Amino acid sequence: MRSAKTEFWAGVVAEMPLMLGVIPFGLVFGVLGIASGLSPLETILLSSILFGGASQVVFAQLWGAGVPWMVVGGSVCVINLRHVLYSASLARYVRQLPLGWRLLLAYLLTDEAYAVTIQRLRTEPSGPNQHYFLLGSGLLLWAGWQITTIAGVLIGETIPDSWSLSFAIPLTFIAIVAPILKDRADLTAALTAGLLAMIGQPLPWKLWLILAAVGGILAGWLVQQHGKTKQGVA
Amino acid sequence: MIWLLMIATGLFTFATRFIMFSGLGRASLPSWLVDALNYVPIAVLTAIIVPAVLIDPASTTIAIVDNPRLYAALVAIAVALWTRQVVLTIVAGLGMLWLLQWLL
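Going down the list, the sequences are from chains A and B.
For any residue, its number in this note's numbering is found by taking its place in the first sequence, counting from 1, and adding 2.
Note that this note's numbering numbers the second sequence so that position 84 is 73, with each residue one more than the last.
Everything hinted at is true.
Not everything, but these chain B residues come out facing chain A in the computed CB check (under 7 Å): (1) Gly(-1); (2) Ile66; (3) Ala69; (4) Arg73; (5) Val75.
Listed next, with one range per pair, are the computed distances between beta-carbon atoms: (6) A:Gly229 x B:Ile(-9): 39 to 49 Å; (7) B:Ala4 x A:Gln98: 20 to 30 Å; (8) B:Thr50 x A:Trp71: 23 to 33 Å; (9) B:Pro46 x A:Pro127: 46 to 56 Å; (10) B:Thr50 x A:Thr8: 55 to 65 Å; (11) A:Gly102 x B:Ala(-3): 15 to 25 Å; (12) A:Pro181 x B:Trp91: 22 to 32 Å; (13) A:Gln98 x B:Thr50: 55 to 65 Å; (14) A:Arg97 x B:Asn56: 42 to 52 Å.
Keep in mind that the hints were calculated from the coordinates and are not lab data.
The structure presented is a predicted model; accordingly, all values stated were derived computationally and were not measured.
Built from N, CA and C at the ideal position, the CB exists for glycine as well.
The whole structure should be built from the sequences, with the hints applied where relevant.
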């Protein structure tokens, strides 16, 4: 049986390679938060209150553009809906834990921590201390995200606009999306979202974002369901 | 106002993470919902990427041919598919952007 300490440090070590992507993202978010007009305190606390990179970027950009709060909130909520999947996927491993543990682990449940934790749970023998793995990976990610956000806020004012550093955000998302486009349904979701984002530009309050997100999800889902029915018939 | 919104969206986000840990309600998600949620990252991130690449931040018009960000993004896509490394993708994309901005 593995001790709590062994599981915790295994989680930390497994998370380390993913930190390579998180560090520049956190820095750029810190810079962008200030550039969008948020105060240093607002930018820094967004990283612990929301604790989700893409949604924080959207929060800062939409709020900074003077978009009504309901649209900012709606956009952030749509983006973060995906966590329900991670929550469902890990539920059977954490259900027996005390409430305090479940609250803490839920707070730490990000894309990156989920990715290494589900890998551990599926490929290695289960044990009574396995939840310490998520604690380790989640805490490393949390600490890294907070520190790099603060660093970004501090250096943000010294970086000239001509460096186009905010372009690192779409580049980060390209690095995430490009490798996960696997089949026709994925491509349809991406193309539909991209097209709707452009067509929707004249809409007020940057509503194109919600339109493109919902349209892309629906398009991918429809193509996937269509594929399923055809398989079922054959 | 911004603090209220930060806290409200923070609570919602926390709820998306905690909902299936709570022990309340059903033990698993309906399969159609799992299928649909799978497309959230692709749709959301692509919706952010495309205008950020195609719309010129200075003039806020669509730029295609004389758009250094488009070429930088294409290089980034190639590097992302090839290496699957976030840092290398950012370095390649920003490097290409700076090179083109310096040349043009």
